[in-house]
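J.: Each chain is listed here by its residues.
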Amino acid sequence: MADQSHGDGGIAGHLQYWTVKLDESNPFMQIHVDTMLITIVVAASMFGFALWLKGRLVEGAPKGAQNFMESVVGFVDQTVKDNFPVHNPLIAPLAFTVFCFIALINTLDVLPAFLLGNVAHLFGVDHFRPVPTNDLNLPAAMAVSVFALVLYYEFKLKPVHFCKELLMEPFTNLVPGFLKPIVMPINLILKIVEELAKPLSLSFRLFGNMFAGEVIFLLIAFLLLGGGAVGMAAGFFVGLAWSAFHLFIGLLQAFIFMILTVVYLSIAHQPVEH
Amino acid sequence: MSIDLTFIGQIVVFLTLVFLMKKYLYGPMADLMEARSQKIADGLAAADAGKEAKAKAEAEIAEQLKVARTKASEVIASAEKRAAEINEAAVVKAREEAQQIVDSAREEVNAELNRARQTLRSEVADIAMLAAERVVESELDAKRHAKLVEGIVSAGFGNA
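Protein chains in written order, with my numbering: chain S, 1 to 274; chain C, 1 to 160.
Check the hints yourself; a few may be wrong.
[What the hints assert, rightly or not] Here are some of the chain S residues that sit facing chain C, going by a computed Cβ distance under 10 Å:
(1) Ile31
(2) Phe47
(3) Glu59
(4) Met69
(5) Glu70
(6) Cys100
(7) Leu138
Treat the hints as calculated values from the structure; they're not laboratory data. Just so it is clear, CB atoms sit at the ideal spot from N, CA and C, and this is done for glycine as well.
Required output: the full structure, derived from the provided sequences and hints.
T.: Quick look at the structure:
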């Protein structure tokens, strides 16, 4: 199937990034221009929207865009309030940004699978992936940022308790005193795995969902669009149905990412129980 | 599908975006919504206070109305009493006046009657005298018999 219709590598060929290698020998020293470009465009449009809306905020009854954004802000605010034991002015804006950013980017996935790729071909670019959440770099960047914040708050709010938890909970507390030094490293390793699982699951969940969604788009395109008029029609409708479903998944993943961000940070803010 | 420099770039983009969103979108909107909720809460509190004041004023009005009504009924009662008294006095006075009128009329009638009786008596006596005179004109002494005739007349008309 790979060389059936679209020449350069079939589906796998469409899953390539527009990559600029800064150092051929080091695989880390490269940059995905498409991912960077799209995220910057989305971020810039969000910023532009913010500036535009800020100039026309009214204190009375909100209308149109302000009304819509207020419902989003109110929804995020409520979520944060429900989960947080203390007030932290950073959490709600963070959750709000996470939600809007991911939701917007995921929504880009409803664009026809090859559209941006073909546009890019016109400019002589071989590969172009339109949805940055398909690129592990973006979910990972967000998840790691959140994780760094979690660690920051853990160490800032209850350093002793957190270190003690790393070393003692749950196994070291169970064994008699002379065994504690032996069990401690094991406990620490398990604890580190547990903590690392948070950003990993956070980023891979989003990445996996969106990546799979795009692969299915490509599968629909490859399997159906090549098959004459009937195949084209079927491909159109199946693609449309999947678009609708994928839109829902994108929104859901944005919500999940947001709520998990809030929950992880809320755990870091939980007061120490004595 | 590899972690590379894009990752660093994405962290920068993401954190910048968080900062910008907080400063330019979330912050102003949250402040605005907070201010609005405060305003609404104030408005509701003011409305409640107004309602309370209204209820109080209404109670006061009802109280005053009650007092006024009592006073009015008192005034009416006393006025009615006074009117009844005046009426009573007028009736009594009228009755007295009527009695006086009746009395004086009766006196007048009696006096008239007596006068008439007196006149009649004297006239009858004169007629009788005239008659007797005519009968016994020749022989009778008018002076001697006048007493006799008067006695007869008085006996005849005594109860008239």
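J.: Evaluate each hint against the coordinates.
T.: We went through each hint and held it up to the structure:
At a threshold of 10 Å, the smallest CB-CB gap from Ile31 (chain S) to chain C is about 5 Å, leaving the interface hint in force. The beta carbon of Phe47 (chain S) comes within 5 Å of a beta carbon in chain C, closer than 10 Å, and the hint placing it at the interface holds. With 10 Å as the threshold, the beta carbon of Glu59 (chain S) comes within range of chain C, its nearest partner Cβ sitting at about 6 Å, so the hint holds. Hint status for Met69 (chain S) relative to chain C: holds, with the closest Cβ pair at about 6 Å, below 10 Å.
A least Cβ separation of about 6 Å between Glu70 (chain S) and chain C falls short of the 10 Å threshold, and the interface hint therefore holds. Residue-level restraint check for Cys100 (chain S) holds (minimum Cβ-Cβ distance to chain C is 7 Å; threshold 10 Å). Annotation: Leu138 (chain S) was flagged as interfacial toward chain C, and the flag holds, the nearest CB pair being 5 Å apart, inside 10 Å.
Hint compliance for this structure: every hint is met.
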